[in-house]
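Given only the sequences and the hints, what does the whole structure look like? Please build it.
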Amino acid sequence: MVTRLDVENAEAAMRSLFPATPLQLNDHLSARYGADIWLKREDLSPVRSYKIRGAFNFFRKAIGQGASGKTFVCASAGNHAQGFAYVCRHFGVPGVVFMPVTTPQQKIDKTRMFGAEFITIRLFGDFFDQCYQAARDHVEAVGGVMVPPFDHADIIEGQATVAAEIMQQLPEGTVPDMVVLPVGGGGLAAGITGYLDGTVPKSAFVFTEPAGAPSLRRSIEAGEVTTLAKVDNFVDGAAVARIGDLNFAALRDFPASQVQLMPENAICVTIQEMLNVEGVVLEPAGALSLTAIAAMDAEAIRGKTIVAVVSGGNFDFERLPDVKERAMRYAGLKKYFILRLAQRPGALRDFLNLLGPDDDIARFEYLKKSARNFGSILIGIETKAPENFARLIGNFEAAGMGYEDITENEILANLII
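Here the sequence shown is numbered in the working numbering, starting from 20 and rising by one per residue.
Bear in mind the hints are in silico, worked out from the structure with no lab data behind them.
You can trust all of the hints, since none of them are fake.
Pairs of lysine to aspartate or glutamate residues, derived as DMTMM-like cross-links and limited to a Cα-Cα distance of at most 25 Å, are as follows: (1) Lys343 <-> Glu427; (2) Lys403 <-> Asp378; (3) Lys343 <-> Asp251; (4) Lys343 <-> Asp379.
Computed from a predicted structure; not experimentally measured.
Put into structure tokens, the structure is as follows:
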């Protein structure tokens with residue numbers, strides 16, 4: 020699908036837009052796993068994601084074929100929109116970005132900043148499908164050019180420039196033992212695997228998707244492109260219900276076992292650790308590859324040379340409390356219980372005596388106050404070590420206290436917590 024020469028030509032042309040993003044040997048992760056862990060920092064591109072690459076290559080080729088007088092159009096509320104806008108300004112061509120009405124203002128403002136006077140933002144529909152159809156209708160009406168986010172040969176070729184840079188930046192003669200790639204629509208994975216074909220063994224690739232959006236994994240298992248009936252949108256940069264057709268064609272021969280599904284809450288652990296320890300801000304999709312490494316058998320990767328693509332860092336800090344909450348729950352440091360507490364003087368004091376020295380009440384709320392003998396209470400407890408909860412639950416049972424752990428009950432947690 021991609022040729023090395025075409026990718027290298029695209030990479031050379033891209034230098035007019037931005038310098039190569041760094042490939043950094045990460046001391047913290049390398050020491051932890053006893054391996055050489057190299058991070059390809061796409062979060063350090065001008066728009067803080069790799070999406071600018073595919074957009075640039077698409078525009079470069081379309082303009083070269085005479086499309087400079089046309090209006091370019093995309094539908095996106097995320098990184099594709101920002102890359103699209105930046106490239107519109109670079110080439111000085113008009114662009115229209117369609118976004119759902121529900122798009123956060125921060126994303127609208129950043130897209131407008133990157134595109135300046137060369138772009139128009141139109142908000143349409145509550146859901147992406149409605150927005151996408153409006154974009155398609157606009158293209159038909161004005162005779163414009165639709166710029167897809169991932170399912171196009173020129174987009175794939177542009178994303179493949181990540182691989183060209185990696186091979187230039189690794190120490191001379193070094194070939195990675197493992198390349199860890201996040202997957203959403205599949206453009207990045209299709210491009211990188213295509214460029215590295217014949218250089219890196221197929222078995223060396225590890226693809227990673229959010230557990231709530233396994234479009235590549237399910238499609239490989241089915242032997243054809245499969246549309247997911249339901250998607251968890253937490254990892255918004257990779258939460259895709261249907262992998263691109265061209266991208267699946269490039270990836271379909273990989274075994275499903277090479278596609279690792281990462282729980283959304285585990286991704287939050289990575290985001291929090293990289294922020295606190297390394298000072299690196301990652302969006303959920305950008306943390307996928309590092310989360311996959313954390314889930315691997317440490318002995319199996321010891322001594323290996325591993326390249327992990329960090330795909331983006333467009334993180335809205337308003338999400339930080341939710342990320343911390345999810346990370347603590349995944350690490351076993353926070354739980355939520357519904358308790359039946361006797362309605363009598365001293366009952367609360369008796370309950371407090373069951374807590375250990377490292378247990379902290381983070382939330383306390385009566386859910387039912389009308390019962391004459393017992394009241395239902397929602398309580399959130401944080402602690403310093405996961406094993407503390409085994410002791411606490413033992414205390415509940417010894418005291419004959421009715422309780423239900425609702426930490427992993429998705430329905431209750433979403434309604435109550």
